[in-house]
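Protein chains: 2
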Amino acid sequence: MRVVVDAFGGDNAPFEIIKGAYLAHKDFKTEITLSGDKEVIEKIIAENNFCFDDSLLIVDTKDVISMHDDPTSILKAHINSSMGLAFKELIEERADAFVSAGSTGAIVVGGTLLVKRIKGIKRPALGSMLPSPDGKYFLMDMGANSDCRPEMLLQFAIMADAYLKQVEGIENPKIGLLNIGTEETKGDQLHIEAYNLLKNAPINFVGNVESREMPKGVCDAVITDGFSGNIALKLIEGTSMTLLKLIKNIFYKNIKNKLAALMLKKDVYSLKSLMDSSEIGGAPLLGVKKPVIKAHGSSDAKAIKNAIKQAITFTENKVVDLIAENLE
Amino acid sequence: MRVVVDAFGGDNAPFEIIKGAYLAHKDFKTEITLSGDKEVIEKIIAENNFCFDDSLLIVDTKDVISMHDDPTSILKAHINSSMGLAFKELIEERADAFVSAGSTGAIVVGGTLLVKRIKGIKRPALGSMLPSPDGKYFLMDMGANSDCRPEMLLQFAIMADAYLKQVEGIENPKIGLLNIGTEETKGDQLHIEAYNLLKNAPINFVGNVESREMPKGVCDAVITDGFSGNIALKLIEGTSMTLLKLIKNIFYKNIKNKLAALMLKKDVYSLKSLMDSSEIGGAPLLGVKKPVIKAHGSSDAKAIKNAIKQAITFTENKVVDLIAENLE
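Sequence lines, in order, name chains E and X.
Take my numbering: the final residue in the first sequence is number 855, and no numbers are missing along the way.
Take my numbering: the final residue in the second sequence is number 855, and no numbers are missing along the way.
Any given hint could be a false lead.
For identical chains, the list gives no copy identity; a pair is met inside one copy or between any two copies.
Unchecked claim - Think about it this way: if two alpha-carbon atoms lie no more than 27 Å apart in a straight line, the pair counts; the simulated DSSO-like pairs of lysine-lysine are:
1. Lys783 to Lys726
2. Lys783 to Lys546
3. Lys817 to Lys701
4. Lys713 to Lys643
5. Lys570 to Lys772
6. Lys772 to Lys785
7. Lys603 to Lys713
8. Lys743 to Lys785
9. Lys589 to Lys775
10. Lys701 to Lys772
Hints in this document: simulated from the structure, not taken from any laboratory.
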């Protein structure tokens, strides 16, 4: 099993990415290919004694596609960037799976048009595991498709079902539709029509889910268009951060509070780690012909290691094949 | 100034509603009309010594429109419900403003088709003040219109602008568009087109706002379609509740934690009250010819009192007139 990792994608690239790849190699014995400036990569590896047991490959390029570049430039102007060459390793079968913490738009465009769609898939979509007090749940699409049609939401549900079965080992995943009310007739035209398709699909469809219930983990997958999904994803993050900051302010307010905070330290820390997306891994781009995992832009080494682990499970359990089968 | 209050709308009706109306009368000298079962209302008033100084009027009906009734039944089957008769008091000018904690759908339908739209308004919309660490911000539409067109979002912005100036006393409200990225070209077709209309509108448009930034209070009003707005509103609620519950679990975990929690009690309580929507009042239905305020379904007496206060300010400061002027 060889995973190609875009060493220059993400806010903390290249150091945290390379360190994460090293940790994944050490813990899971995965063979790693790193793409990016070879000189810099080799320097970081040498300085930190990251040992890859001779299995490491490096594809050398100085070009990087940034968050500010047009995502479609991955097809031409930046086709030889660290991300572009990582895609090439995947497509030309020198690697089994792809991980990048770089531009989401470029990963979606490259995945769709370079790696290409599974036959029958209208639009690939990004899914993401989110933390909840009683486990975790899968949100999809989290932003690859701003404008959706009902049949796209149906396909997202079928893909999420396959992913949860194969990667998360959930036998009969409960799949809900994000909506503004629980009744069948609620929502805009898109969601009313999607409901009708989903209730006849060969999945365990549990109906509409209101966003208020979502963080409680009431189902295994919440299906949504990429616009609402992206709003939801970032709002959970924003609300949690705002609240935790307010609590932190209380803890530091005076000596009495600081003392109380000290007594709670361990438990509050475990709460923070529950909300921490780096524990959970990356977002799979489902619907393309090979395993493509988008790690969070702010990924640290641990998050990259977990995204690589996810890529391995994804590949070993043949998620792509199952999606193709289920579509038929 | 007379406010008609639907005494039988909301989860805590009629007691908390009547108590809230009494508190508003006591503190603001507002004249109150209550709609609903006269016998029950009079019994509650007598038993609790709620004194309305002879100014109280009651419009008697035993019918109530519930959350489960079709919202359009307010026009016919439930036109003589407590909400229906409250609308009648407003329309026939026996009251200056309307407050109900009942079915949102019925309030939107009744407001739109009984009270009627301001000339030129395509669709009325619900706005709501939400708490943020540094103050509060206005979210609109929070759910009256699932399917929107770009011109509707433009009108929402113009109405929010008038409301914030007149009711909140904000001189030049900063108005943002909820979107999945800050760049002008981000979002689905609806939001891209809305952006173009908003940037040329006679308001202080500050561009796209990502949901992650929203809870920080980066602008005074966040404009959105009713689908995304409702998802956002309920997700903030759901995420906050989930987090606060996790923190509560930590506080009760063992004796050491209970002691620490006791030391923090006052500050944590003030945090909870910051997040508490009952402090903030109700959601105005903007775009209709008279002041209509929707209080939260779970309103207690304090929330109803605040919604009535809001109705008074709304009426005194002639928000309806300003919206009509600004539209031209």
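Now for the hints, and whether the structure bears them out:
{"no.": "1", "hint": "Lys783 to Lys726", "result": "neither (55 Å within a copy, 50 Å between copies)"}
{"no.": "2", "hint": "Lys783 to Lys546", "result": "neither (40 Å within a copy, 38 Å between copies)"}
{"no.": "3", "hint": "Lys817 to Lys701", "result": "within (25 Å within a copy, 45 Å between copies)"}
{"no.": "4", "hint": "Lys713 to Lys643", "result": "between (35 Å within a copy, 24 Å between copies)"}
{"no.": "5", "hint": "Lys570 to Lys772", "result": "neither (38 Å within a copy, 47 Å between copies)"}
{"no.": "6", "hint": "Lys772 to Lys785", "result": "both (15 Å within a copy, 22 Å between copies)"}
{"no.": "7", "hint": "Lys603 to Lys713", "result": "between (43 Å within a copy, 22 Å between copies)"}
{"no.": "8", "hint": "Lys743 to Lys785", "result": "between (30 Å within a copy, 25 Å between copies)"}
{"no.": "9", "hint": "Lys589 to Lys775", "result": "neither (41 Å within a copy, 50 Å between copies)"}
{"no.": "10", "hint": "Lys701 to Lys772", "result": "between (33 Å within a copy, 24 Å between copies)"}
Hint check: violations occur at hints 1, 2, 5, 9; the rest are consistent with the structure.
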